[in-house]
Amino acid sequence: MDIKFQEVEYRYAAGTPFERLAITDVTFHVPSGEYVALIGHTGSGKSTVLQHLNVLLKPLQGEIEIGSRTIAAGRKEKNLKEIRRRVGIVFQFPEHQLFEETVEKDICFGPMNFGMSEEEARQRAREAVRLVGLPPSVLERSPFDLSGGQMRRVAIAGVLAMKPDVLVLDEPTAGLDPRGRREVMELFASLKKENGLTCVLVTHSMEDAARYADRIVVMHKGRVAKRGTPRDLFHDRASLTALGLDVPETVRMQRLFEEKLGQPLRQLCLTPEELAQEIARLQGERS
Amino acid sequence: MKDSIISIDDVSFQYPDQTAFALQHVSLHVQRGEWLAIVGHNGSGKSTLAKMLNGLHYPKEGTVTISGLALSEENVWAIREKLGMVFQNPDNQFVGTTVQDDVAFGLENNGVEQKEMKERVQEALEKVGMTAFLNQEPHHLSGGQKQRVAIASVIALRPDIILLDEATSMLDPAGRDEVMNTIRSIKDEEGLTVISITHDLEEAAKADRVVVLNQGSVYTEGSPQAIFQLDQELLTLGLDVPFPVRMSQLLADEGLILSQRHFTEEELVKDVWTLNFKK
Ligand SMILES: Nc1ncnc2c1ncn2[C@@H]1O[C@H](COP(=O)(O)OP(=O)(O)OP(=O)(O)O)[C@@H](O)[C@H]1O
Ligand SMILES: Nc1ncnc2c1ncn2[C@@H]1O[C@H](COP(=O)(O)OP(=O)(O)OP(=O)(O)O)[C@@H](O)[C@H]1O
Ligand SMILES: [Mg+2]
Ligand SMILES: [Mg+2]
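If you read the sequences in order, they're chains A and B.
Reminder that position 12 of the first sequence reads as 1372 in this note's numbering, one-by-one numbering, no gaps.
Reminder that position 241 of the second sequence reads as 258 in this note's numbering, one-by-one numbering, no gaps.
These aren't lab readings, by the way, just hints derived from the structure by calculation.
Among the clues, some could well be false.
[To be verified] Covered by chain B, per the in silico footprint, the following chain A stretches (three or more residues, Cβ under 8 Å):
1. 1385-1396
2. 1445-1455
3. 1602-1608
[Stated by the list, open to error] The calculated label-pair distances, taken between Cβ atoms and stated as ranges, are:
4. 1385/A x 148/B: 23 to 29 Å
5. 73/B x 1542/A: 38 to 44 Å
6. 1381/A x 135/B: 27 to 33 Å
7. 1574/A x 73/B: 40 to 46 Å
8. 1583/A x 80/B: 36 to 42 Å
9. 1425/A x 223/B: 53 to 59 Å
10. 136/B x 1598/A: 36 to 42 Å
11. 1555/A x 149/B: 39 to 45 Å
12. 1381/A x 243/B: 23 to 29 Å
13. 112/B x 1505/A: 49 to 55 Å
C-beta atoms are modelled at their ideal positions from N, C-alpha and C, and glycine is treated no differently.
The task is simple: from the sequences and hints, build the whole structure.
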């Protein structure tokens, strides 16, 4: 599903003394089937942008196209069910999306709310907990009696069980152990690759943005500060550090190596595997 | 142990109505002024242990002593004055309706007088870079801003021990370094003891000592170097190796010569260069 933001602005508590401008003049495009990462400093407006994607927040200026729907400022929007079925959001805090008394009921809620039979929904719940690396026994437990990382996995399972067309992920790996982090990121990548899902990811991991994203949008103080492919963006370290960000570790190591070498490598390497291969290739060439 | 500020001896714990034990025969001693990192897979018992040190759970078996006080219902308030905890989910710890009230709350409870309270609130919020949000409701902040305020609330209390349960998981890398450096400087200046539960291995690498929990038990403990020598074993524990170690492996797999696995990028690059490129 294609997504377009056109000059979107949002203020919390608009019209009250507590009004706070959160995002303004936000314009970007997520072509259907692409993977876009949103990065930026704390409070730069990333979560606010994401909550517009399934119309939990509505723009106060500008408009958003989500597939064939247009959500514009100053209009009453009805029939949001279809968007909410097709756009699945994993929130920054998993506690904000868990509410049922058992994990199974929690995961089944979405699919059943959109008309699926209980039998089928339970089947999906079993499948979804397996995908996020939890044992089937978790289905009978209360989602509030789980560890932080287990809750996070349940929240992700709940969104996967809906089989959305668009995955919206707000720091989905915060709280996961390193192995879980890698497995979950690989899972999203394979859903994109094999099922053509569109992904919008908010992350503080430059490594994940470099490895998985087709494009990156950099937010700064509520505005879009930069847009580009990971290779373009991470090429220019100084402009990122000016925004309180940095390049991935792989790029830092590449730069250290280039200092020794006295010349740049053929291209910017975005993953450790790529860099290792490039150094090995160069070594082979030289000997 | 003589200079232990925290002693945990053979502690086991089980949640009500659960068959499995969340902690099994855990023994652990923390030295005064030490920075201890606790790592372990999801569900390994880290937060359960943290909540026990803060008197939210009591051991089913074994004993816990903090600053000379045995953990018990009578001592719990005295213990909380000595040990300040930042919870995994900051929303669970906010009590005030504004950021400054929230940070002031604990001070008020401890009977700190008005003038000093104001100064300490201001100072703590400065340290985490949140002075622009004094009157915002804590629940209405961004994820990273919430974590900063939660940390300020504990800093303001000036406890002997700070326990951080994934307290910086939603900060950007620069923000994380900034906040951790702030805590490190308090530790250096005032002899603070820090226990940091984290999935961030780069952060664990900067600790004095690392404890690995696995399925409710202490799997191993040691210096960060010693722990990262575990290498592939870490992967089976749900953990990972730090970037330079991973990079060393990948380069070795590609057939490059290395004298050893490295823990810093600088040393790794130097080694790759000297052994493979310098003629
Ligand atoms: N419910 C709310 N009410 C008022 N202001 C809010 C609310 N939620 C967020 N804000 C403010 O809007 C701005 C943008 O917040 P947002 O949550 O979008 O940031 P973010 O980029 O997701 O940050 P983080 O990386 O810390 O999660 C921040 O200054 C924040 O304080
Ligand atoms: N309130 C509770 N009731 C029952 N079981 C619980 C409760 N809280 C945690 N558990 C269980 O106890 C075990 C240890 O949980 P704990 O929260 O200590 O893990 P953790 O190491 O902090 O994990 P994470 O990295 O995911 O935060 C887990 O199996 C969890 O499901
Ligand atoms: Mg956010
Ligand atoms: Mg935990």
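Outcome of the hint check:
1. 1385-1396: violated (count 0)
2. 1445-1455: With 3 residues close enough to chain B, the hint holds.
3. 1602-1608: holds (count 3)
4. 1385/A x 148/B: 23 to 29 Å: About 27 Å separates the Cβ atoms of residue 1385/A and residue 148/B, which means 23 to 29 Å holds.
5. 73/B x 1542/A: 38 to 44 Å: 31 Å, violated
6. 1381/A x 135/B: 27 to 33 Å: 29 Å, holds
7. 1574/A x 73/B: 40 to 46 Å: The hint (40 to 46 Å, Cβ to Cβ) holds, given that residue 1574/A and residue 73/B are roughly 45 Å apart.
8. 1583/A x 80/B: 36 to 42 Å: Distance hint for residue 1583/A, residue 80/B is violated at roughly 55 Å.
9. 1425/A x 223/B: 53 to 59 Å: For residue 1425/A and residue 223/B the Cβ distance comes to about 46 Å; the hint is violated.
10. 136/B x 1598/A: 36 to 42 Å: 38 Å, holds
11. 1555/A x 149/B: 39 to 45 Å: Holds, since residue 1555/A and residue 149/B (Cβ atoms, about 43 Å apart) stay within the stated range.
12. 1381/A x 243/B: 23 to 29 Å: 50 Å, violated
13. 112/B x 1505/A: 49 to 55 Å: 23 Å, violated
The structure fails hints 1, 5, 8, 9, 12, 13 (numbered hints given earlier, in ascending order).
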